[in-house]
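*Asks:* Sequence:
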Amino acid sequence: MPKHVTIRCHDPIARYKFARQPWSDVWLSFTAKPGRKKYRFAPTLVSKVALEGDLRMAREQQAKDPAADYAKDVELAEHVLTLFANGGDHFVDVESSEKYTPTIYTSRSYIDRAEAELMLGKFMRTLGYADVTYKWLRPKFLMIPVQLD
Numbered sequence: 001m002p003k004h005v006t007i008r009c010h011d012p013i014a015r016y017k018f019a020r021q022p023w024s025d026v027w028l029s030f031t032a033k034p035g036r037k038k039y040r041f042a043p044t045l046v047s048k049v050a051l052e053g054d055l056r057m058a059r060e061q062q063a064k065d066p067a068a069d070y071a072k073d074v075e076l077a078e079h080v081l082t083l084f085a086n087g088g089d090h091f092v093d094v095e096s097s098e099k100y101t102p103t104i105y106t107s108r109s110y111i112d113r114a115e116a117e118l119m120l121g122k123f124m125r126t127l128g129y130a131d132v133t134y135k136w137l138r139p140k141f142l143m144i145p146v147q148l149d
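Each residue of the sequence shown is one higher than the one before, starting from 1 at the first, in our numbering.
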């Protein structure tokens, strides 16, 4: 069981606990048994606001270019939003992406560091690790994630 998960991120939440943003790319690393193997993951954290924007853009792109296939994107977004409407808080999508780059969704409008840790905790539980602590590395430069409407 990993005790400490190191988080690398170039977003404001890595530097400021109470910064709020619509989405974030983070890089996790930790060692765990057997053999103290080093694990690395690069999840994307997505808020409800960002997911709604992604759904809107997928529908618009589909309307502009009927030959393009955005059905899976629309289906996933609608599924997650339905889960949130029925009281769900988080959704970890490990199926539609590569194993080491999952997408984790939250029903909250924005993500701060505390929410990011809750989201990452849900993901870590899918790996079988329930009790972990997080160490955020302070970035040398910041990139501000934006949400296009």
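Worth flagging that the hints you see were computed from the coordinates, not collected in a lab. Possibly wrong hints are sitting among the right ones.
Claimed, not checked - As a list, the in silico EDC-like pairs of lysine to aspartate or glutamate whose alpha-carbon atoms are at most 16 Å apart:
hint, residue 1, residue 2
1, Lys-72, Glu-52
2, Lys-48, Glu-78
3, Lys-72, Glu-95
4, Lys-122, Glu-95
5, Lys-135, Asp-112
6, Lys-33, Asp-131
7, Lys-17, Asp-131
8, Lys-48, Asp-112
9, Lys-72, Asp-54
10, Lys-17, Glu-117
11, Lys-72, Asp-93
12, Lys-72, Glu-60
13, Lys-48, Asp-69
14, Lys-48, Glu-95
15, Lys-3, Asp-131
16, Lys-122, Glu-75
17, Lys-64, Asp-93
18, Lys-48, Asp-89
19, Lys-122, Asp-89
Computed from a predicted structure; not experimentally measured.
*Asks:* Look at each hint and say if it fits the structure.
*Replies:* Going through the hints against the structure:
1. Lys-72 to Glu-52: 15 Å, holds
2. Lys-48 to Glu-78: Satisfied, since the Cα-Cα distance of roughly 11 Å is no more than 16 Å.
3. Lys-72 to Glu-95: 12 Å, holds
4. Lys-122 to Glu-95: 15 Å, holds
5. Lys-135 to Asp-112: With a Cα-Cα distance of about 15 Å, the restraint between Lys-135 and Asp-112 holds, given a limit of 16 Å.
6. Lys-33 to Asp-131: The hint holds at about 14 Å.
7. Lys-17 to Asp-131: This hinted pair is violated, its Cα atoms lying about 21 Å apart.
8. Lys-48 to Asp-112: Distance ~13 Å between Lys-48 and Asp-112 Cα, so the pair holds.
9. Lys-72 to Asp-54: With a Cα-Cα distance of about 12 Å, the restraint between Lys-72 and Asp-54 holds, given a limit of 16 Å.
10. Lys-17 to Glu-117: 11 Å, holds
11. Lys-72 to Asp-93: Status holds; Cα separation ~13 Å.
12. Lys-72 to Glu-60: Judged against 16 Å, a Cα distance of about 14 Å means the pair holds.
13. Lys-48 to Asp-69: Given that 16 Å is the threshold and the Cα spacing comes to 23 Å, the pair is violated.
14. Lys-48 to Glu-95: 19 Å, violated
15. Lys-3 to Asp-131: Status holds; Cα separation ~7 Å.
16. Lys-122 to Glu-75: Distance of about 22 Å is beyond 16 Å: violated.
17. Lys-64 to Asp-93: 27 Å, violated
18. Lys-48 to Asp-89: 10 Å, holds
19. Lys-122 to Asp-89: 10 Å, holds
Of the numbered hints given earlier, the model fails hints 7, 13, 14, 16 and 17; all others are met.
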